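Line order of the protein sequences matches chains P and W.
For the first sequence, the residue numbers in the working numbering are 1 to 217.
For the second sequence, the residue numbers in the working numbering are 218 to 1040.
Hints listed in this document are in silico derivations from the structure and should not be mistaken for laboratory results.
For clarity, every value in this text was computed on a predicted model and none was experimentally measured.
Idealized CB from N, CA, C, for every residue including glycine.
It is possible that some hints are incorrect.
Stated by the list, open to error - Pair by pair, the computed Cβ-Cβ distance ranges are: (1) Arg1026(W) - Lys129(P): 37 to 45 Å; (2) Pro488(W) - Ala199(P): 39 to 47 Å; (3) Glu124(P) - Trp603(W): 33 to 41 Å; (4) Met959(W) - Gly76(P): 27 to 35 Å; (5) Val1008(W) - Asp172(P): 57 to 65 Å; (6) Gly76(P) - Ser678(W): 35 to 43 Å; (7) Gly41(P) - Leu520(W): 42 to 50 Å; (8) Phe561(W) - Arg134(P): 53 to 61 Å; (9) Arg134(P) - Phe528(W): 50 to 58 Å; (10) Val1008(W) - Glu124(P): 48 to 56 Å; (11) Trp223(W) - Gly76(P): 50 to 58 Å; (12) Trp603(W) - Arg12(P): 18 to 26 Å; (13) Arg1026(W) - Gly41(P): 37 to 45 Å; (14) Ala500(W) - Ala117(P): 53 to 61 Å.
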Amino acid sequence: MLRVTGLTKSYRSAGEDVAVLRGVDLAVATGESVALTGESGSGKSTLLHLIAGLDAADGGEIALADINVSTLNDAGRAELRRDRLGLVFQQFNLIPSLSVADNLVFQSRIAGRHDAAWHDELVERLGLKNLLRRYPEQLSGGQQQRVAIGRALAPKPLLLLADEPTGNLDEDTADEVLRLARDLVARTGCGFLMVTHSARLAATLDRQVNLHAGVIA
Amino acid sequence: MRRPLWILAVLLSHWRRHPMQLATLLIGLISATALWSGVQALNQQARIAYDRAAATFGGSRTAMLVSKDSATFPQQLFVDLRRAGWPVSPMLEGRVQIDGRSFRLLGVEPVTLPSEVGNAPAVGRGSLQAFVTPPGEMLVAGETLRDLGLKEGERPQANGIGLPPLRMQAELAPGALVVDIGIAQDILKMPGQVSRLLVGKSKGKSETPHATLESVAGDKLRLVEPSAESDLERLTDSFHLNLTAFGLLSFFVGLFIVNSAIGLAFEQRLPMLRTLRACGVSARMLNTVLVIELVSLALVAGLIGLVCGYFIAAALLPDVAASLRGLYGAQIPGQLSLKPVWWFAGIAISILGALAAAATSLAKAIRMPVLATAQPQAWQQAQRRWLMFQSAAALAVFAVAAVLIQFGDSLIAGFAVLAALMLGAALILPMVLQIALAFGQRSARAPVGIWFWADSRQQLSGLSLALMALLLALAVNVGVGTMVESFSRTFLVWLDGRLAADVYISAASDAQAKQIKTWLRDRPDVEAILPGGRAETQLGGAPIEVLGLPDHATYRDNWPLLESTANAWVRLRPGDTCLVSEQLSRRMKLAIGDHIEVPAPGGNWPLGIAGIYADYGNPKGQIAVNFAALTRHFPQTPLTRLGLRVAPDKIAPLITALQATFGLDDRNVADQATMKQESRRVFNRTFSVTGALNAFTLGVAGIALLTSLLTLANSRLPQLAPLWAIGLTRRRLAALELLKTMAVALITALFALPLGLLVAWCLLAIVNVKAFGWRLPFHVFPLQLIELLAVAMAAALCAAALPVARLARMQPATLIRTFVNER
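In isolation and in its complexed conformation, chain P is listed as follows:
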């Protein structure tokens, strides 16, 4: 479903080009969950951002289902994120001015893929029933991340991308959040690519891929 071939990316820093990705090859199958690990600065987040269309690669190719992400323009990449992808970040990045209920339905509604039954199931399984009228600032970190996962999965994306989703959570909460994410991913049948530092959490996914010095080790 996701195929990344020969991906390269460098940044200009202090007048010099710093190569972050030096030809990454990666594939994630439908329904497969993959943990992307690696030391700090290895390029994990950059790879995730390129797959999400948040940034453009210097070279190589990214193909998601029948779409060649590398050839999309800005509007096309926005459409890809809206309709095909779900994104979860370490900082939760909920919309502070919207209530939990409005945050949850936001992406599915703008993608035109709102499914009331699936929405109710998400609320139930994520344990958000009593939190719907609250605002992000009134939630704990674990609760906020559950809302973020719900928002990302509400439009039933092809691929869920998560960048250190448990980085701001304690161990128990992290386990709980990841368990919920895995269950829901399995329920939708989408692919799941998660960047993590934690070998323990990485081990709970189907496959681990290690990124080292810009290439898959």
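We have chain P already, so just place chain W on it with the hints.
Using the frame of chain P, we list chain W on its own:
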């Protein structure tokens, strides 16, 4: 010593990284200082001119003896008082016409002139001989010399009499002609008469009076104590209060900009401040350096602001001078001369303004803990609490305004009502916006729509100060615009009635006027000759004009009366009845049927009041009487003014013939259309300074909105980036941001319209009545309101354009940074 400098360098490094923020801060301080000091420069310039006028040979700054009825009195009283040891000096005052224009003639006696009288020195020493020996000298200010179009040494003519040669004396007030009292008595045909006696300070026992005033002069004279404030100062107080209010408003709007810039810089520098504290910088040292940094920036901005303020004042001075001349007859020189105190005050106001704008940020810095706790910003709760508090304060301020409207009865109370209304409206604005946006959110169905309204609500706390500035600027624009337009409409209708004659003549002398009248009587194209004249006297301690109107249908049919008895014009004929101007009737609380005693050279003239008329633009009170009665009671009245009724097609040939026959120029003879055009020009110029200040205030409000949006733009990235990540394009996000700014600006502008109309009502019904003595009808001008609404939206569009364009062009890498924990 090196440690504070090092800390200062660290703090300043923030501005190097954020030059736009620094520019915003400086722009705010410069605008605030420039507009405030510009207005102060104008006020100071005017006050210098009033001082010159007041000090002119015994204005209100000198104690004086005047007759009980303010008329002239025999010179013998001066001789008697001098013999009794009184340090008095005689003065005769009157008006002379030179080339059809009226000047104030002052006759002084230089030998006895008290040394403390402002302009005495140039007369009192070497040039004394030339001043008192025929033909004498006539002292004038440089401005008057220029007005006359004459050089020093030349001798102008007044009523056929050759006046003494002109000599310039810079300290004199413009418009005054000073001669020896003997010469003045000849020119004014008042031999042996004086208007007042200036009272000097006694120089020891030898000059102490050895008889009381009553024992020498009986009850003929009364002592008038010197006043710290001149008549002109009192009269123009409202104008300067108005200017100051504009300056203050612009100053506060400028401080809104400073507040938002400093607030943002502080938020962004919090980690830096914590690091400095963690590295061992004491709280006291850090706060001291923060204040030093702020004061240094305020100094730089203050100096630039002062230079800008000087140029603003220089640009506005001609209009301000025209306004003061048109409204109050005050003569202000056209060149700025500023005292050092103005420069120091400007710098001080810049520093104080910066400290006031930074007060909350500095207070936060003082209380800042070294270890920050990760507290999410509880905007919902905090905003609700703050909104409730602000709304309660607004209601309290509105209550104060209501009490002032009910019980206040002064100009200050009028301005206090205006201030309370504006402050209350500014305080309640966030609540109004909150309610409007919440309504929008409730009625939205689409998710982006819901976010649009919800995010606008969240942005309110950051934008509310700028929106308040926009509200105030718009309300002042609507209020002042409506007042000026109401005035303009009323003035033009009034002018049509007042300028009813077809041709106006101002002869050089009574003799020439007589020749012209004889010549006109033989012309078949002249339907009527309407002689006019005016005299000056005092009523209730203030100068008034007595206007003589001929008994003719032209006046009966056209002269606009606000209220009158039946047959008011017929009742004027015998000369025992008058009409009074609106401002005089308000000032002296005169009504139809009341009686007044007007001091005249032959004794008091008792007059009944038969009507009240509008007399816009005249600083003095005025009464209108029958022309023949005026010449009986004031025999010295110049008879140089004539109005003519002429068929429209005969006007131009008649004027040409008059000019050819009597050597009259355009200043001496004019048709009705030219007079109206000139009056309209003066009227428009009178309010052009208001227009300029309106535009400045709106401009500064626009900058305040721009800087708020720019400073908010950066802090809003965490809110916008997730939407972009979810799939909204940057272009769409930019469009939504623009729409949000326009929406809140529109709500603010719509709220400003009724507020502005309320301000206009206050100006027309309270401030104008107290300041000028006339009340104008209140009109609403929908087209003007629509125009201002468009201007407000254009200002909002301009302010939002830059941050929105930046967002639309923002590199993905910048947005990604919001999500990045590592690379």
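How does the Cβ-Cβ distance of Gly76(P) and Ser678(W) compare with 35 to 43 Å: does it lie in that range? Given a distance of about 37 Å, which is inside 35 to 43 Å, the answer is holds.
Given the hint of 48 to 56 Å, is the C-beta distance from Val1008(W) to Glu124(P) inside that range or not? Between Val1008(W) and Glu124(P), where Cβ atoms are some 54 Å apart, the hint holds.
Check the following: the C-beta atoms of Trp223(W) and Gly76(P) are separated by a distance inside 50 to 58 Å. holds (51 Å)
Just to be sure I understand the hint, the distance between the Cβ atoms of Trp603(W) and Arg12(P) should be within 18 to 26 Å; is that true here? Given a distance of about 44 Å, which is not inside 18 to 26 Å, the answer is violated.
The hint says 39 to 47 Å between Pro488(W) and Ala199(P); measuring C-beta to C-beta, is that right? 31 Å Cβ-Cβ, so the 39 to 47 Å window is violated.
A range of 37 to 45 Å was offered for this pair. Does it hold for the Cβ distance of Arg1026(W) and Gly41(P)? violated (29 Å)
Has the hinted range 53 to 61 Å been met by the Cβ atoms of Phe561(W) and Arg134(P)? The hint (53 to 61 Å, Cβ to Cβ) holds, given that Phe561(W) and Arg134(P) are roughly 56 Å apart.
For Glu124(P) and Trp603(W), compare the CB-CB distance with the range 33 to 41 Å and indicate the outcome. With a Cβ separation near 37 Å, Glu124(P) and Trp603(W) satisfy 33 to 41 Å, so the hint holds.
Does the hinted range 50 to 58 Å hold for Arg134(P) and Phe528(W) at CB? 56 Å Cβ-Cβ, so the 50 to 58 Å window holds.
Take a look at whether the Cβ-Cβ distance between Val1008(W) and Asp172(P) falls inside 57 to 65 Å. For Val1008(W) and Asp172(P) the Cβ distance comes to about 60 Å; the hint holds.
State, for the Cβ atoms of Gly41(P) and Leu520(W), whether the hinted interval 42 to 50 Å holds or is violated. holds (48 Å)
Could you tell me whether the CB distance from Arg1026(W) to Lys129(P) stays inside 37 to 45 Å? Given range 37 to 45 Å: holds, Cβ gap about 42 Å.
The structure fails to meet hints 2, 12 and 13 from the earlier list, while all remaining hints are met.
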